[in-house]
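Novice: Residue numbers (my numbering), protein chains in the order written: chain A, 1 to 246; chain B, 247 to 691.
Taking CB as the label site, the calculated pair distances span:
(1) A197/A to L571/B: 40 to 46 Å
(2) Q9/A to R581/B: 54 to 60 Å
(3) G395/B to G38/A: 56 to 62 Å
(4) V575/B to D126/A: 51 to 57 Å
(5) D18/A to E253/B: 43 to 49 Å
(6) Q198/A to V575/B: 49 to 55 Å
(7) A307/B to E170/A: 41 to 47 Å
(8) Q172/A to E465/B: 28 to 34 Å
(9) E253/B to E170/A: 25 to 31 Å
The set of hints was computed from the structure by calculation and includes no laboratory data. Note that this is a predicted model, so its numbers are computed, not measured. Every residue, glycine too, gets a C-beta built ideally from N, C-alpha and C.
Residue strings, one per chain:
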Amino acid sequence: MSVDKGFAQLEDVIADADFPALDLALRRGRHVDREDGGWYVLLLEAQDHLEAFYRRYGCELVHKADGYFYLLPSGEQLPRRQLLAVDMLVGQALALLYLDPASIERGGLVAREQVIEQLVAALGSDALIGALLPRRKRQDEQVAQRLVRAKIGESIRRLAGLGFAELGAEEQIRLRPALLRFAEPVRGMAEPAEALAQLVAQGEVTLADALGEPSDETSAGELESPLEPELPEPYESDEDDDEANA
Amino acid sequence: MSAQEQEFAQVLRAVAERRPSLALETLDLAFLIALRVRGHGAQLASFSEVQLVDVFEQVCALIEPAAEQRKKRATYALARLREQRLLVRVDGHGVVRSGEYALTRLASGIVDFYLDEDVLTRESLTLLSATLRSSLQQIVDAAQGCERGDDASWSERVKGPLQVTVAELIAGIERRQRGLDGRQEEFQLEIRRLLEASWFEAIERCQSLLEATGATLRELNEILLRDSSVLLALLHDIEELAANSGATEAEQAALQVVDQVDRIVAWGGSRQRAWSEYFQYVHRYLRDVVRLDPTRALTQRLREQLSGNGRRFSLTVAGAPPIRLLRVVQPLAERPPVSRPRAQREREPAPDRGIDPEAVLTARVRSALDDGAASLADVTDRVNAEVDEAERFAMAGRVAQTTARIARAHAERERPWVQAGGEIEIEDWRLERARSGDEPGSSGG
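Work out the full structure, taking the sequences as your base and the hints as a guide.
Specialist: Shown next as C-alpha cells:
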C-alpha cells in the first residue's frame, strides 16, 4: 500500500515534513483521526513502514476500524501511562454523548455542561463528588460542586490533548471518534468481564485493582505524567473561613 | 475609538433614543400572518376596519376558541399593532371616515420569517441571477450614453438603478440564503429525530436527505460562482465608466454592489464547507455507530459501565515525556558593591562680587557730566537712555540724588519743568562740576 502511495522506504516517511510532529504526538499518547488531515493521511499511506518502525520500540501502531490511530507501548522502551480515574469517567461520559443522536444535530459539538449533566445522570451528584473528591473529609456542597466542575474541565483539557476531543470557543467540545476506545469493553457481543480480560491481555487497559485503586490523586498515571497539571485549590481558604466562622 | 467604532456607537445610540420594543403574542403573530395570507388571496393592498375585525375574529376562533368579547379584543389588538408600527393607516382621512390599514415593512418581515417562503432554490437563484445580469447590462448601456459632467443623467440612469433595482435583487438573494440557513437547521434537527425515533431503519432516509441537501448546496454554489464572475465584470465596467467620467457617486454605488455580490459568493463557499464537515460527521456516525450497533445496545451497556457496574479499568496510552531543552546558562555579571561617595559634598563659600547698581549709576552720571551735560534734565536724559522704560521714573529720582552729590546744583526760585527724555518731566537744575573734595565719600553728604 505504501509503495503505491509514494513511500518506497521508511526513509521517505521520516523525510516527510509532517513526520517529526506526528511522531512526537503519537509518543505522547495522541490519537490521530481523519480530522487531523495531513497526519492521518501520512499514517494511512505509511502504515506498513511505521508499524515495523514502532515495533522496534516495543510499541504497536494501532489502527481502529472507527478511523483513528494511536501508539500502544507493550515493552519498556517507550514510557506508558494509565488515564486518571477522573479522565476515565469523563471519557466515558463523552463517549456516551458521541453515541447520542442529539449530538449529531450540531455536528458533534457539545457544551461542557452537557458532559457534567451526563455524569450526574449516570452516577448521581453525591457519587460524582465522592468519586472525584475522595479525600475531602468535610465538604461544603457549593465548594465541592465548584471543585468537581473544575476537575471535569481539567480532565476535558487533558483528553483533548490526547485527541479524544477538540476544544472550541465558549467551552464547546467537538467529539472525536477515538472516544469509542472508552466503550471497547462493552462493544462486542461478549460479556464485559470477558472483553475486559481480553483488553488487559492486549495491554489496552489496566484494571484499577492492579493500579492500587487509582484515584486522581493516587494514580500511577499521575505520577508518571509530566503533563499532569496541578489543580489550583483556591477553595481551601473558603473551608478555613468556614471553620473560623464555626 | 476608531471611526468605525464611532459609527457603530452612533447607530446604536440613534436606535436607543427611539426606544423601540416589540411585544407580540401568538395571537398577534397569527393575526399578522392571516392578514398577509388574506391580502395575497384577495389581491388586497389594504384592509378596512371591518375587514381587520373580521380577520381577527376568525383567527381568534381558531387559536383561542374560548375567548369572549372578540370585537373589543380586536380593537385592542389593532391599537397594539399600530403602536408597534406593524400596522399603518394609509387613507389619511382621520376621523372623517373609518380608516384603511396596511401591513408595514416590519410586519411583512416578521410574517416572511414565520411563513418561510423565501428559500434559495436552484430555480429562484437562476431567475434572480438572470434578472440581475440583464439589469446590469442595461445600466452599462446607460452609463455608456452618459456625458461627462452630466450629473443628473448619471444619477438617474446609473446610480438610481444600482441603488434600487440591483440592490433589491441582491437583497432578495441574501434573504433567500438566510431562509436556506434556517431550513438547514431544521433539516439537522430532522436527522436527529429520525435517528432517535427509528435508529437503524433511519439510515437510508438520513443518507438520502444528506445527499439531497449536499447536492442542492453544491448546485447553488456552482451557480453563484459561475454567475458572480459575469456580474462582477459588468459592475467593473460600470465602475470604470463612472470613474472615467468623474461620476463619483455612481462609482461608489457600483462598489457597494460589488461588496454585496462578494458577500453572497462568500456565503456559498462557507455553507458548502460547513455542510461538508457536517456531512462527513453524520456519515461517520451512521457507519461507525448506527450500523455497528443496530439494536442500540452499546449506549445502554456503556451507561451501565459508567454507572459503576463491572470492574473499573483505565486506558493505556503512550506517555513519552516531552524533550527537555536546557537553556544556555548566562553567568551573571558581578555588580559593584554599594558604597558611599567619597567626594566632598559641602563646598566652601566663595565671595561673589556682584554688580553694585549705585556705583554703576554714579559712573553713568559722572560720564554724562564729563561729556558736558549742564543741566539735571540733560543728565537724566542721558542716563535714562540706557535704562528700560519702566524703570525711568524711579531712575530719574536716583539720578537727581547722585547728581546732587557729584555736582553743584543751582536752582532758580521758580524752577522750570523740563522734558528729560521720553515722557518724564522734571524741575531742572543747572549744574556745575563739584570739586573733588565734595564727591560722595569725601564729605558727610
